[in-house]
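Peer 1: Sequence:
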Amino acid sequence: MAHRLLRRRAGALRALPPAGARRITAVLHSPPVRFAVHPASAAGHWLMAAHFLLSGCLFAHAIAELLLAVALVTTWRPERRGGARERSRTAASL
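So that you can map any letter, position 20 of the sequence shown is 7 in the numbering used here, and since no number is skipped, the others follow by simple counting.
Errors might be hidden in some of the hints.
So the derived label-pair ranges between C-beta atoms look like this [unchecked claim]:
| hint | residue 1 | residue 2 | range |
| --- | --- | --- | --- |
| 1 | Ser28 | Thr62 | 49 to 55 Å |
| 2 | Leu54 | Leu0 | 54 to 60 Å |
| 3 | Glu52 | Pro18 | 53 to 59 Å |
Just so you know, the hints here were simulated from the structure itself, not pulled from any lab data. A virtual CB, placed ideally from N, CA and C, is assigned to each residue, including glycine.
Using the sequences and the hints, build the whole thing.
Peer 2: So this is what it looks like as structure tokens:
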């Protein structure tokens, strides 16, 4: 894949001095760059992106659930728990 990049950018490499063009060519042919431009590692990139998307959704769900629990705890009023019958019974017994 790196050699295809070199073919496309051959005009840019020819414009450089020979020593600079050799350095860039050596970098493009190095194992890390060859691995990065390989189609299999591109599939790995998509898998990692999907992993981050799913973990982000899971994290957002957990945070939303925590915020809902905090909201319920802070707004809970025990006197409003019973229905109208229960309130009338407690009022009559006083």
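Peer 1: Honestly, which of those hints from before does the structure not fit?
Peer 2: Hint 3 alone not satisfied by this model.
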